[in-house]
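Take a look at the letters that make up each chain.
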Amino acid sequence: MSGGKPDTVELRVSLFITCFNDTLFPGTGRAVVKLLERLGCEVDFPPDQTCCGQMHLNSGYRAEAAGLSEQLARAFDGSDVVVSPSASCVGMVREHGDPALAERTWELCEFLTGPLEAEDVGAYYPHRVTYHPTCHSLRGLRVGDAPLRLLRAVRGLDLLELPEAEECCGFGGTFAVKNPDVSTAMLSDKLRAVGDTRAEVVTAADNSCLMHIGGGLRRGRAGTRAVHLAQILASTEDDPEP
Amino acid sequence: MTAGFPVAAKKALADTQLRRNLGHATRTIRDKRAGVVGEVADWEQLREAGQAIKDEALARLPELLEQLEGSVQAAGGQVHWARDGAEANAAVAAVAKQHGVDEVVKVKSITTDETKLNDALAAEGIGAVETDLAELIVQLDNDSPSHILVPAIHRNRAEIRDLFRRKLGATDLSDDPAALTAVAREHLRRKFLEARMGVSGANFGVAETGTVSVVESEGNGRMCTTLPEVLVTVMGIEKVLPRWRDLEVFLQLLPRSSTGERMNPYTSLWSGVRAGDGPQEFHLVLLDNGRTDVLADAVGRQSLRCIRCSACLNVCPVYARAGGHAYESVYPGPIGAILAPQLARLEDSQTLPFASSLCGACADVCPVKIDIPEVLVHLRGEVVDRKGTDAEAVAMRALAGVFGDRKRYERAQSLARAGRSPLGRGLAKRLPGPIAAWTSSRELPEVPEQTFRQWWKETR
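Chains as they are written, first to last, in our numbering: chain A, 1 to 242; chain B, 1001 to 1460.
It is worth saying that the hints were derived from the structure and are not from the lab.
It is possible that part of the hints are untrue.
Said to hold, decoys possible - Mimicking DSS-like on lysine-lysine, the simulated pairs with C-alpha atoms at most 25 Å apart in a straight line are:
1. Lys1010(B) / Lys178(A)
2. Lys1457(B) / Lys1407(B)
3. Lys1387(B) / Lys1010(B)
4. Lys1116(B) / Lys1167(B)
5. Lys1457(B) / Lys34(A)
6. Lys1097(B) / Lys1116(B)
7. Lys1369(B) / Lys1032(B)
8. Lys1387(B) / Lys178(A)
9. Lys1011(B) / Lys178(A)
Unchecked claim - Have a look at the derived ranges for each label pair, beta carbon to beta carbon:
10. Thr1459(B) / Glu103(A): 25 to 33 Å
11. Asp1143(B) / Glu164(A): 28 to 36 Å
12. Lys1032(B) / Arg192(A): 20 to 28 Å
13. Leu1269(B) / Arg74(A): 55 to 63 Å
14. Ser1440(B) / Gly195(A): 14 to 22 Å
15. Asp1031(B) / Asp77(A): 43 to 51 Å
16. Leu148(A) / Asp1015(B): 34 to 42 Å
17. Leu1269(B) / Asp145(A): 43 to 51 Å
18. Asp77(A) / Gly1070(B): 54 to 62 Å
19. Gln1098(B) / Ala165(A): 55 to 63 Å
20. Glu1248(B) / Pro99(A): 32 to 40 Å
21. Arg142(A) / Ala1395(B): 32 to 40 Å
22. Leu1346(B) / Arg155(A): 52 to 60 Å
23. Leu159(A) / Arg1262(B): 30 to 38 Å
As the list claims (entries may be wrong) - Non-contacting residues of chain A with respect to chain B, defined by C-beta distances greater than 10 Å in every case (computed):
24. Ser79
25. Arg104
26. Leu159
27. Ala165
28. Asp196
As the structure is a prediction and not an experimental result, all values here were calculated from the model.
Ideal Cβ positions, reconstructed from N, Cα and C, are used throughout, including at glycine.
With these hints in hand, go ahead and build the complete structure from the sequences.
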């Protein structure tokens, strides 16, 4: 592995996979495990975790959200460090979740560039890639350029700047189905921006936005695929990710 | 009766001219604002000062309003208290009648749009002439404003030329902005010189000195506040500031946030009346119209900090595509989505708190740091609490039950995988409601053969 290997061997990390990734994007979870283990962490998966309650809170179901939030905190009772490949679910834990859990929960890019002090994670991904900063990573968690620094260090990767990158893709959880027309108008502009880069891959720190952008790309047979950042960072020459 | 945001927005989205006009205009103002805000080293401290002053004013509201009343009266003005729009409109109409006035000139004012003052005056036989150029355009077209600061943002030059040709008799008019402005100027100058009564809103009212302020770009507002014999100002009670020196903060925050200018061209300040100079009679109408109810709500009250700069509209991806009319309220955009449901009955605008992807761009630019997404989510909770049990509530509560227990959650995951069969997928595509709303423009993700937790269990 090329440089940047941190001296954090045997750091025990609990994976907060999120219900969404667990059910629909297990490949992202496998990639996080592969990546963190490669960087010397010991990863565990507390099985009582389900959902952080974000969808319920943002849809107006406050009591249900509070119950789920408490349950999530109990599931991670025995964890010192919690890492998740979802900026929006981490944002939910930070802003509305159990304060003690919030303190020890990290979004993946934050964790890599913060405690692990890694930028070059030894990845190889020979593709043309553009990065969409999701609203929750950009304006919620304020991860800044951490994802870009990680991507720039990936060997073989051709990083292309996304025009109007900071504009929302129009997902917004239940917004996408409660206001499908406005959501689609926002998505159209995002897809146009992605198309303008001529990238093969659009990546982000959240599969929810990527499901939206990717769903639009597939509908249009656009020739660009949506891949979570964790999968790019987990990819190596010997064990490439799609 | 309103159509609701999703329906109204769908109609607006189909208007390609509107999309182009809005996209161009919001992007221009957004970039200008970013430029002039970026050059202020202590912008964050200014925002914090703005928030602190507004919070102080709201916490001391009854006391400050009585102080304002006293200082306006001491300076020779008269003060009227209006519980709602009807009382405010009646106060304005009474002054007009007292002076036998049948036409008033108006400074651009959203507060008087909120009270529907023009309609109320018309019912009393009194004409109201909008003198802000964009408000005039909207009025001549029997249209309604679609932006707080730029009411005719949905119109472009060619459309305005056609309107002026029709309504102001300006044949042979080109779409050159200078030519368009010259026609409006000629029309308005006559109105200014004839007018005996002016009506304005207020950006600020200073309790300490009794000074009322209007901030504008064109100077037409100042014509209305200085030429007529009588001036009536309708001011929302949340516009009160404790001290004269507080203006220092807001006169920096407002122009940079609204028009993207370092300083606005015209800042008018007046305290009561002065013999031989300007209007000889001044009335201040203090309007509640739901504001004290907003103040009583611990989360919602931050909405009353709003100084109507409209920076949140210009950065909002929803507003930039749907436009202001889709909000069906005089307060459009992100601030409208929280103000309209709070000032009026929530039941009448219950789709507005959901008219946002919660992207947070509005909160980042707000000069008085209103956490608009926080208030939106709070209002969504209020809507759900009041609506009773419908299909969505049943589904959401059932889903919370599934997520609430690991065993039920894992069983539900197995069922989702069963839906991977061609039969299951075919069925899903025909389902009404949320799935159809999604698949109208986006593919559904493939449900994988194995969940993450199954993989973990099998390999660890």
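We went through each hint and held it up to the structure:
1. With a C-alpha separation of about 12 Å, the suggested pair Lys1010(B) and Lys178(A) falls inside the 25 Å cut-off, and the hint holds.
2. At roughly 15 Å between alpha-carbon atoms, Lys1457(B) and Lys1407(B) fall within 25 Å of each other, so this suggested pair holds.
3. A C-alpha spacing of about 24 Å is found between Lys1387(B) and Lys1010(B), which places the hinted pair at or below 25 Å, so the restraint holds.
4. Taking the CA atoms of Lys1116(B) and Lys1167(B), the gap is about 23 Å. The hint holds against a cut of 25 Å.
5. Restraint check for Lys1457(B) and Lys34(A): satisfied, since their Cα atoms lie roughly 15 Å apart, inside the 25 Å limit.
6. Of the supplied pair hints, the one linking Lys1097(B) and Lys1116(B) holds, its CA atoms being roughly 18 Å apart against a limit of 25 Å.
7. For the suggested pair Lys1369(B) and Lys1032(B), the alpha carbons sit about 20 Å apart, so the restraint of at most 25 Å is met.
8. A hinted pair counts as satisfied when its Cα atoms are at most 25 Å apart, and Lys1387(B) with Lys178(A) qualifies at roughly 16 Å.
9. Between Lys1011(B) and Lys178(A) the alpha-carbon distance is near 15 Å, which keeps this suggested pair within the 25 Å criterion.
10. About 31 Å separates the C-beta atoms of Thr1459(B) and Glu103(A), a value consistent with the hinted range of 25 to 33 Å.
11. Between Asp1143(B) and Glu164(A) the CB atoms are about 30 Å apart, so this pair conforms to the stated range of 28 to 36 Å.
12. Taken as a hint, the range 20 to 28 Å holds for the pair Lys1032(B) and Arg192(A), whose Cβ atoms sit roughly 24 Å apart.
13. Checked against the hint of 55 to 63 Å, the pair Leu1269(B) and Arg74(A) passes, with Cβ atoms roughly 59 Å apart.
14. Distance hint for Ser1440(B) and Gly195(A): a CB-CB separation of about 20 Å, consistent with the stated range 14 to 22 Å.
15. Between Asp1031(B) and Asp77(A) the beta carbons are some 49 Å apart, a value that agrees with the proposed interval 43 to 51 Å.
16. Between Leu148(A) and Asp1015(B) the C-beta distance comes to about 37 Å, which sits within the given range of 34 to 42 Å.
17. The hinted range of 43 to 51 Å is satisfied by Leu1269(B) and Asp145(A), whose Cβ atoms lie roughly 45 Å apart.
18. About 60 Å separates the C-beta atoms of Asp77(A) and Gly1070(B), a value consistent with the hinted range of 54 to 62 Å.
19. The beta-carbon spacing between Gln1098(B) and Ala165(A), approximately 59 Å, falls within the hinted interval of 55 to 63 Å.
20. Between Glu1248(B) and Pro99(A) the beta carbon distance is about 38 Å. The supplied range of 32 to 40 Å therefore holds.
21. For Arg142(A) and Ala1395(B), the Cβ-Cβ distance of about 34 Å falls inside the hinted range of 32 to 40 Å, so the restraint holds.
22. At about 55 Å, the CB distance of Leu1346(B) to Arg155(A) agrees with the hint of 52 to 60 Å.
23. With their beta carbons about 37 Å apart, Leu159(A) and Arg1262(B) fall inside the hinted range of 30 to 38 Å.
24. Against the 10 Å criterion, Ser79(A) stays outside the reach of chain B, whose nearest CB is about 15 Å from its own CB.
25. With a closest Cβ-Cβ approach of about 21 Å to chain B, Arg104(A) is found to remain outside the 10 Å limit, as its non-interface label requires.
26. Separation of Leu159(A) from chain B is adequate, the least Cβ-Cβ distance of about 23 Å exceeding the 10 Å criterion.
27. Residue placement check: Ala165(A) keeps its beta carbon more than 10 Å from all beta carbons of chain B (closest about 13 Å).
28. The claim that Asp196(A) is not at the interface with chain B holds, since no C-beta of that chain comes within 10 Å of its own (minimum 16 Å).
Checked against the numbered hints given earlier, this structure breaks none of them.
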